[in-house]
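Participant: Note that the protein sequences, when read in sequence, are chains E and G.
Adding 14 to a residue's 1-based position in the first sequence gives its number in the working numbering.
Adding 1 to a residue's 1-based position in the second sequence gives its number in the working numbering.
Think of the hints as simulated: they come from the structure by calculation, not from any bench.
Being a predicted model, the structure only gives us computed values, none of them experimental.
Just to be clear, a hint being listed does not mean it is correct.
[Stated by the list, open to error] Okay, derived cross-link-like pairs now, BS3-like style, lysine-lysine, Cα gap no bigger than 30 angstroms in a straight line:
| hint | chain 1 | residue 1 | chain 2 | residue 2 |
| --- | --- | --- | --- | --- |
| 1 | G | K42 | E | K63 |
| 2 | G | K37 | E | K120 |
| 3 | G | K42 | E | K83 |
| 4 | E | K72 | G | K45 |
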Amino acid sequence: AQSVTQLDSQVPVFEEAPVELRCNYSSSVSVYLFWYVQYPNQGLQLLLKYLSGSTLVKGINGFEAEFNKSQTSFHLRKPSVHISDTAEYFCAVSGVQAGTALIFGKGTTLSVSS
Amino acid sequence: DTAVSQTPKYLVTQMGNDKSIKCEQNLGHDTMYWYKQDSKKFLKIMFSYNNKELIINETVPNRFSPKSPDKAHLNLHINSLELGDSAVYFCASSLQRTPLHFGNGTRLTVT
């Protein structure tokens, strides 16, 4: 079974500042990793994914994440945030075998202010 | 041209009632899911169907019964609704190991 820990429940930042949202996972098998964003009263939108290959993955809206197998981490970063990035961010993990569920972390609320 | 659509968007009902939420996807995906998001925004998998076959069934009360008439549809029926069932229910779909596409959710309020 897999599990995900998002280390910060809330991250307040000022506009144009860099941000890192931390995510650690636990699994006894190989995994796929994802970051999703949820804007208020909306569904979840995929930001980026790691399936294999390069450990640095780039996603939409200027976000990127780095897969670190030794530290079992998949932290999300953005060099300069905008007000519009204010949302809930979810890290998720699944095993690579078909039929395994996508398990979500508890989410991190990113609040960007001017 | 919505990819994963759920109906209704809002559902307000009283304890003890039976209700259904419908989900349809037009992406050609072969796997569909139901997730529950509680008041603390925690997302938990409930069910997953692959080609109409149940493949994931988490510890969900028997009052919840999914039904998949075909690959493009996965409905959720809930019997004898309880206050604790109040949540946002998300339908999602995927093709093999591709990322999940989510619907916009159904906000269920049980009074």
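Participant: Does each hint hold? Answer for all of them.
Facilitator: Hint check:
At most 30 angstroms may separate the alpha-carbon atoms for a hinted pair to count; K42/G and K63/E meet this at roughly 21 angstroms. Straight-line distance between C-alpha atoms of K37/G and K120/E comes to about 13 angstroms, which keeps the hinted pair within the 30 angstroms bound. A distance of roughly 27 angstroms separates the Cα atoms of K42/G and K83/E; the hinted pair therefore holds under the 30 angstroms criterion. For the hint pairing K72/E with K45/G, the CA-to-CA distance comes to about 26 angstroms; that is within 30 angstroms, so the pair holds.
Every hint, counting from the list given before, is met by this structure.
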